[in-house]
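A.B. asks: Line by line, the protein sequences are chains G and C.
Taking this note's numbering, the leading residue of the first sequence gets 1, the next gets one more, and so forth.
Taking this note's numbering, the leading residue of the second sequence gets 326, the next gets one more, and so forth.
Worth flagging that the hints you see were computed from the coordinates, not collected in a lab.
Be aware that one or more of the hints could be misleading.
Derived CB-CB ranges, DEER-like [claimed, not checked]:
{"id": "1", "chain 1": "C", "residue 1": "Lys358", "chain 2": "G", "residue 2": "Arg145", "range": "50 to 60 Å"}
{"id": "2", "chain 1": "G", "residue 1": "Arg4", "chain 2": "C", "residue 2": "Thr416", "range": "30 to 40 Å"}
{"id": "3", "chain 1": "G", "residue 1": "Leu275", "chain 2": "C", "residue 2": "Leu405", "range": "26 to 36 Å"}
{"id": "4", "chain 1": "C", "residue 1": "Gly452", "chain 2": "G", "residue 2": "Ala12", "range": "54 to 64 Å"}
{"id": "5", "chain 1": "G", "residue 1": "Arg192", "chain 2": "C", "residue 2": "Asp419", "range": "14 to 24 Å"}
{"id": "6", "chain 1": "C", "residue 1": "Phe489", "chain 2": "G", "residue 2": "Arg181", "range": "52 to 62 Å"}
{"id": "7", "chain 1": "C", "residue 1": "Lys358", "chain 2": "G", "residue 2": "Asp153", "range": "58 to 68 Å"}
{"id": "8", "chain 1": "G", "residue 1": "Phe187", "chain 2": "C", "residue 2": "Gly487", "range": "44 to 54 Å"}
No farther apart than 35 Å at their CA atoms in a straight line, the calculated lysine-lysine pairs in the DSBU-like style are these [unchecked claim]:
{"id": "9", "chain 1": "C", "residue 1": "Lys358", "chain 2": "G", "residue 2": "Lys200"}
{"id": "10", "chain 1": "G", "residue 1": "Lys200", "chain 2": "C", "residue 2": "Lys608"}
{"id": "11", "chain 1": "G", "residue 1": "Lys128", "chain 2": "C", "residue 2": "Lys358"}
{"id": "12", "chain 1": "G", "residue 1": "Lys156", "chain 2": "G", "residue 2": "Lys128"}
{"id": "13", "chain 1": "C", "residue 1": "Lys358", "chain 2": "C", "residue 2": "Lys608"}
{"id": "14", "chain 1": "G", "residue 1": "Lys128", "chain 2": "G", "residue 2": "Lys79"}
{"id": "15", "chain 1": "C", "residue 1": "Lys608", "chain 2": "G", "residue 2": "Lys128"}
{"id": "16", "chain 1": "G", "residue 1": "Lys79", "chain 2": "G", "residue 2": "Lys200"}
{"id": "17", "chain 1": "C", "residue 1": "Lys460", "chain 2": "G", "residue 2": "Lys128"}
Derived contacts from chain C toward chain G, CB cut-off under 10 Å, selection only [stated by the list, open to error]:
{"id": "18", "residue": "Lys358"}
{"id": "19", "residue": "Glu422"}
{"id": "20", "residue": "Gln425"}
For every residue, glycine included, the Cβ atom is placed at its ideal position computed from N, Cα and C.
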Amino acid sequence: MRARTLLPVMAAVALLALVPVLAPPFYANLLVPFFGYGIALLGFNLLFGYAGLLSFGHAMFLGLGAYGAAVIAGVLGIKHFEVVLAGVALGALLVALPIGLLCVRYTGIFFGMLTLAFGMLAHSILFKFYHLTGGDSGMRVPRMRILGLEFADYNKIELLAGPFYYYCLALLLLAGLLMWRIVHSPFGLHLRAQRDNAQKAGYLGVTVGRFRLTAFVISAVYGAVGGAILGFRVGLADPELVHWTHSGHLVFMTVLGGFGSFLGPIAGALTLTLLQDQLQSLTQYWRFVLGAILAAMVIFFPRGLAGMAGDLAGRLRPAKREAPA
Amino acid sequence: MSAFANLLVGGIFHAAVLFLVAAGLQLVFGVQKIVNLACGSFYALGAYFGITLANLALGAGLPAWTLLPVLIVAGLAMGLVGPPIERLLRTVYDRDESFQLLLTFALVLMFQDVLRFIWGPNPQSLGNVLLVYGKVAAGDLSVPVYNLLVIAAAIAAAALIGLFLRRTNYGRLLRATAENRTMAEALGVDVRSIYAVVFTLGTLLGTIGGALVVPTAAASLDMAIDFVIEAFAVVVIGGLGSMSGALVGALLVGLISALSLVLYPEFEILAIYLIVIGVLLLKPSGLFGKPAT
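Only chain G is shown next, with the shape it has when bound in the complex (with noise of 0.2 Å):
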């Protein structure tokens, strides 16, 4: 990583940890589920901003953190929130395996429509079997320890804003490294250069399927790992987080931010986050003016709010040329 970039995160690292410091501790509360968001959208980037698969029904790997969540430390009892990352971590890898292997024999619009239908599929599961799943009114999910710790003093307010704050925020970090490293391995190149040509990449020796049932793999990983923390957050995992319109949120996250670049969908994380809590205290018409700004990204900001960025610094620095990410 260069200074160029490093120097911006740190910076942006060092203001999130004074957060809970600096702030009330509704600011810290808001910003929990944005960590969740942001690592969701990692892996959700992975999948559509460097292996060029656009996913339709991704909400359904942070719906199966959450309710993961829910089974590991409502139902069973294992109240340990790193028990119940590893196992919503083994769960989406279970599931994503045999459901990736059917979507990626396809690209583009069909790709998108099989995850929308598989999606869909999980979310009519969730909603209809009212006796498993609780229907529309969801599984609760307890407070857990983290770290093994109790921290019995803390409400559940003082707990999200302070020591689950801070616990994500380096998960977040944790998640944004691997994914690093794994964008800029030769696994990531692969993932690239069957984006922009699978032909040619497979004539090269790139096995495209494979290579794209990987990234759909971690990516599922990741949403749930996300899933889990807004799940704890919550104390609820409920059937909308699976719906097809959740899965379009993470898709406008991610274009918000700038699906080309590799922190774009965080900042769209951020932004989304703050700007829905502002506009849903302004007027309960918030979606109109959500959409009116996706509307208005789509059309003249395609490269989102990091490519936006990416231009002002070019022009304040005329000499330095961006580097194609």
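Go by the hints and put chain C onto chain G.
C.D. replies: Relative to chain G, chain C alone:
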């Protein structure tokens, strides 16, 4: 036996409405290669406006038999949202299909709130007008005539679309554009106007479908995002871009959901998705579609 027959008619009615919306989706995809997620929103728009207009018309003293024409007029009127939306979509015709999909998703979000703004958050319904045309009874089987009229209207629409696409000159231009846009344009076809017409027609089919359904069901904000998934199932089963596929797909989805509703309610939507996934895996182009790429 009569319960089964009732079920069958119910399923076919559902299929008739599904066909109208799915036909709009197919037309737009076939020619413009855009998967329009907002087709469910057009459906909801038609439904809400249908209720408003029918209440106005019947309240103003128009005879009850005007219900069907009034609803069709409501659907036609709401088709007017088509051209401005087509103008918006024109900005992304040259982009990747994921951007086009996202723009229609943005429309879904915006329509949700437009409907909420105009008609409020509570479901709206038309009151007791389903039986204004009476009903047909044969043994234990009894079907509102209205439902039969809608089924007939959907069949007429299917026939008209088929004639339009196959027999008229404009239909041929339209199919040529669908086949090869660049070639059609090079031969002097005004692709821009074709796109505008096709999208408006697609919108019309959605809004009319929505308007026709309101005597039998309430209009709610969720109907947009629920129905688009069903319409999507229809086009996937039938094959993207194929009109006969839409017809067969609509019948399949309509009948299966009616059947499973009785046999095993948990399976209602589940069964449809399983068929969708099965079709996508075995024959991704659908039953009547062209090979996938």
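A.B. asks: Is the Cα-Cα distance between C:Lys358 and C:Lys608 35 Å or less?
C.D. replies: Distance ~19 Å between C:Lys358 and C:Lys608 Cα, so the pair holds.
A.B. asks: Regarding the pair G:Lys128 and G:Lys79, is the alpha-carbon distance no greater than 35 Å?
C.D. replies: holds, 27 Å
A.B. asks: Lying within 50 to 60 Å: is that true of the beta-carbon distance C:Lys358 to G:Arg145?
C.D. replies: The hint (50 to 60 Å, Cβ to Cβ) holds, given that C:Lys358 and G:Arg145 are roughly 52 Å apart.
A.B. asks: Cβ-Cβ distance between G:Phe187 and C:Gly487: within 44 to 54 Å?
C.D. replies: With a Cβ separation near 50 Å, G:Phe187 and C:Gly487 satisfy 44 to 54 Å, so the hint holds.
A.B. asks: Against the 35 Å threshold, does the CA-CA distance of C:Lys608 and G:Lys128 hold or violate the hint?
C.D. replies: holds, 28 Å
A.B. asks: For G:Arg4 and C:Thr416, compare the CB-CB distance with the range 30 to 40 Å and indicate the outcome.
C.D. replies: holds, 33 Å
A.B. asks: Do the numbers back the hint for C:Glu422, that is, is its least Cβ distance to chain G under 10 Å?
C.D. replies: With Cβ-Cβ at 6 Å, under 10 Å, it holds.
A.B. asks: Below or equal to 35 Å on CA atoms is what counts here, so check G:Lys200 against C:Lys608.
C.D. replies: Holds - the C-alpha atoms of C:Lys608 and G:Lys200 are around 25 Å apart, at most 35 Å.
A.B. asks: Quick one, are C:Lys460 and G:Lys128 close enough, alpha carbons at most 35 Å?
C.D. replies: Holds: C:Lys460 and G:Lys128 sit about 34 Å apart, inside 35 Å.
A.B. asks: So, as I understand it, the hint says C:Gln425 touches chain G; can you test that by seeing if any CB pair is closer than 10 Å?
C.D. replies: holds, 9 Å
A.B. asks: Would the stated hint for C:Lys358 survive a check requiring a Cβ distance to chain G of less than 10 Å?
C.D. replies: With Cβ-Cβ at 8 Å, under 10 Å, it holds.
A.B. asks: Need the status of pair G:Lys156, G:Lys128: alpha-carbon distance at most 35 Å?
C.D. replies: holds, 31 Å
Checked against the numbered hints above, the structure violates only hint 16.
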